[in-house]
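A.B. asks: Position chains B, C, D, E and F against the provided structure of chain A, taking the given hints into account.
Sequence order for the protein chains is A, B, C, D, E and F. Per this note's numbering, the very first residue in the first sequence carries number 25; after that it's consecutive. Per this note's numbering, the very first residue in the second sequence carries number 25; after that it's consecutive. Per this note's numbering, the very first residue in the third sequence carries number 25; after that it's consecutive. Per this note's numbering, the very first residue in the fourth sequence carries number 25; after that it's consecutive. Per this note's numbering, the very first residue in the fifth sequence carries number 25; after that it's consecutive. Per this note's numbering, the very first residue in the sixth sequence carries number 25; after that it's consecutive.
Incorrect hints may appear among the rest.
Computed footprint of chain E on chain F, listed as stretches where at least three residues anywhere in the stretch have a Cβ under 8 Å from a Cβ of chain E [said to hold, decoys possible]: (1) 96-109; (2) 121-134.
Straight line, CA to CA, 30 Å or less: simulated BS3-like cross-link-like pairs of lysine-lysine [stated by the list, open to error]: (3) E:Lys67 - E:Lys154; (4) E:Lys67 - A:Lys154; (5) C:Lys38 - F:Lys38; (6) A:Lys85 - C:Lys154; (7) F:Lys154 - E:Lys142; (8) A:Lys85 - A:Lys38; (9) F:Lys86 - C:Lys154.
I should point out that these hints are in silico values taken from the structure, not numbers from a laboratory. Bear in mind the structure is a predicted one, so any value in this text is a computation, not a measurement. Backbone N, C-alpha and C fix where the C-beta goes; we use that ideal spot for every residue, glycine too.
There are 6 protein chains.
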Amino acid sequence: MAKDRYQRGIEVVKEFTVPEPNNPTGHMDIGEGFNDIAPDLEKYVVEFAFGDIYARPGIDKKQKVITTISALVAQGVPQIEMHVKTGLAVGLKPEEIVGCIIHLIPYTGFPRVLNALKSAQRVFDERGIKVETPEV
Amino acid sequence: MAKDRYQRGIEVVKEFTVPEPNNPTGHMDIGEGFNDIAPDLEKYVVEFAFGDIYARPGIDKKQKVITTISALVAQGVPQIEMHVKTGLAVGLKPEEIVGCIIHLIPYTGFPRVLNALKSAQRVFDERGIKVETPEV
Amino acid sequence: MAKDRYQRGIEVVKEFTVPEPNNPTGHMDIGEGFNDIAPDLEKYVVEFAFGDIYARPGIDKKQKVITTISALVAQGVPQIEMHVKTGLAVGLKPEEIVGCIIHLIPYTGFPRVLNALKSAQRVFDERGIKVETPEV
Amino acid sequence: MAKDRYQRGIEVVKEFTVPEPNNPTGHMDIGEGFNDIAPDLEKYVVEFAFGDIYARPGIDKKQKVITTISALVAQGVPQIEMHVKTGLAVGLKPEEIVGCIIHLIPYTGFPRVLNALKSAQRVFDERGIKVETPEV
Amino acid sequence: MAKDRYQRGIEVVKEFTVPEPNNPTGHMDIGEGFNDIAPDLEKYVVEFAFGDIYARPGIDKKQKVITTISALVAQGVPQIEMHVKTGLAVGLKPEEIVGCIIHLIPYTGFPRVLNALKSAQRVFDERGIKVETPEV
Amino acid sequence: MAKDRYQRGIEVVKEFTVPEPNNPTGHMDIGEGFNDIAPDLEKYVVEFAFGDIYARPGIDKKQKVITTISALVAQGVPQIEMHVKTGLAVGLKPEEIVGCIIHLIPYTGFPRVLNALKSAQRVFDERGIKVETPEV
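Chain A on its own, in the form it takes in the complex:
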């Protein structure tokens, strides 16, 4: 059954990723880089974060990524970039990702927002993504 949670977690990771030929979990950091110092960490990421929390019904995939990105903008952590990719993987339009970050100006202030937009911009640039900009 623990096996099951890990399996379910990996399935969920894949739903939030565009898999690559040799890398089924794609851009997603599931903690496997720490196998030398904390080999159980990957288990917590996969089983708990993905197998339990991301798998939870109630909100849809796009809402889950919006929720994640918004909290990371408020914290100012570098993981924003990874979750911009996750957002694209589940079908958020680039302008929705930008829209969420811009929406946070009144709540987190400009510096956090500008830093997050830089992460988003880097991802879009790498992938040749053009953002449809709204008329305002």
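C.D. replies: Relative to chain A, chains B, C, D, E and F alone:
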């Protein structure tokens, strides 16, 4: 034209509010409580936060409230309660609001999430709202 | 096996608690107050926070509580009070708890430390605990 | 000489306080409320925070309080109220205190600012202070 | 009139900048680097942050920069460097900027202060600025 | 006597450091890099942080480093790396340092923990340290 931004802002406030008989901006704190010490504050809230940012196209009303609540959970500020009400006003289901907050456990940790759920619970209790809880 | 994780989690909760006659999990908030809006939350607290993380070998119980309290002081969340009780339950001396909080002055500044000491003082007062104060 | 630092610290505390008949350090919390659990804390507040840091030349008293208040607004800690009083004690005009807090909207977002203004408003109300509001 | 706010904003940006031959807004990041993904962002920075908030009377230019820097130190964001330059542009002495950052040790702890001083030092070094250090 | 505090501080710094041939304070950043802009900063670090706070009895050296690391993980500041080294210097086993950081997942969320583990991993790699990983 500044008049226009204020007007537009007030319209947007109303879209995110269930208005009450004597209070068209309902539960929303637009800063009018500070007219004695900073009479221009209301203008910034209405014109900038609502007239510019909330009015911006690109994401829909529900996404805007999810974005807001998520950042506030990460910051741990008491305004969460007000934005739970805003979420209900734009048609977020209570279980979606709860779902977003629960989704943040891996990103902000349990304490911030538990404190935010307490705010949501208080709003639901006051209004006699029952939450449809997911099978997990 | 999920049953096992829950069971193990509850055992761990008890190790970090002084149980009370009608309340085996004592002062510990395991999320059961949210059964009406998020009945699965308790499961995550018990299974993941306690059954996985608190149960993890490598550091001892006192170190786990010191780690917890220190992070909560830095965040300024109200859960400090609960974890001061947890510290006492695992045998941390009141002066060790105070010592950890005081040690954080150069890292978090005075306001966070003073607010945390207030929480500790409240717990000590409620329980008639006298703190052995060091000669400095 | 340590005596000297303590003495100097107390002198500085008084410069930032409007002393009251039976309370020479006035509204200032210098940590003496923790004598039962951490009797050395007061020494660190007085000797280090005031005797070393507040006594440091380079910026003037008003600048010191502005600096302090701004950081506390960003952190969202309740000590803002005490430092609004400190600001008044060193001659900051109420509208300068409000002006600093309002200035932080683009950096910390509205919620932190609104919460800080509430603290300032409470102090002004208690003391019957009217704020000269700028034409904007 | 919106034109006016933008114009006023640009005027204010210039007051807080030492303009360079081909770059009237000098070191100031007004968001124009995001024209490809959020072309309206520059408008919010110029019109709201500068045209409304920086233009607000009540505190002077030096106080505005001190307020800004102090909040950024507390948040630990990289924009500190830009605002050290802004401080120099409005006539804050390097020792005043250093003095404000040092003053925050009791409020934000040493790490945030050391990181901010590193930003200030970098700006001073680039410009060959010598800091008059106080006798303490 | 101030001399004494500085001397005591330097002694304490050495207790938390593995000294190097030409560098008695080893890996420890005591602020001497800022002698050009704030020559008194080193004094505050040595006298206050080490001479007063680190020298304080009540908790032991290992507990002091655990306390420090935990707060830094919560804040997300880069000083974590230095204090991982400090932990090793006072005899914390690498698996204890990792254990503390992992223990924080439920309190600070995964991103802060992953970022801190990267710092620890870098220190262990540089020094050829193998971590004994627990069976879990």
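A.B. asks: For every hint, state whether the structure bears it out.
C.D. replies: Hint-by-hint comparison with the structure:
1. With 6 residues having a beta carbon nearer than 8 Å to a beta carbon of chain E, the segment 96-109 of chain F meets the requirement of three or more and the stated coverage holds.
2. Residues of the segment 121-134 of chain F with a Cβ under 8 Å from some Cβ of chain E number 0, which does not satisfy the need for three, so the listed coverage is violated.
3. Pair hint E:Lys67 plus E:Lys154 does not hold up; C-alpha atoms about 36 Å apart against a cutoff of 30 Å.
4. For the suggested pair E:Lys67 and A:Lys154, the alpha carbons sit about 21 Å apart, so the restraint of at most 30 Å is met.
5. Restraint check for C:Lys38 and F:Lys38: not satisfied, since their Cα atoms lie roughly 40 Å apart, outside the 30 Å limit.
6. As the CA atoms of A:Lys85 and C:Lys154 are separated by approximately 52 Å, the hinted pair breaks the 30 Å bound.
7. Taking the CA atoms of F:Lys154 and E:Lys142, the gap is about 33 Å. The hint is violated against a cut of 30 Å.
8. Annotation: proposed proximity of A:Lys85 to A:Lys38 holds, straight-line Cα distance about 12 Å (limit 30 Å).
9. Using a Cα cut-off of 30 Å, the hinted pair F:Lys86 and C:Lys154 holds, with the two alpha carbons roughly 25 Å apart.
This entry does not satisfy hints 2, 3, 5, 6 and 7, going by the numbered hints stated previously.
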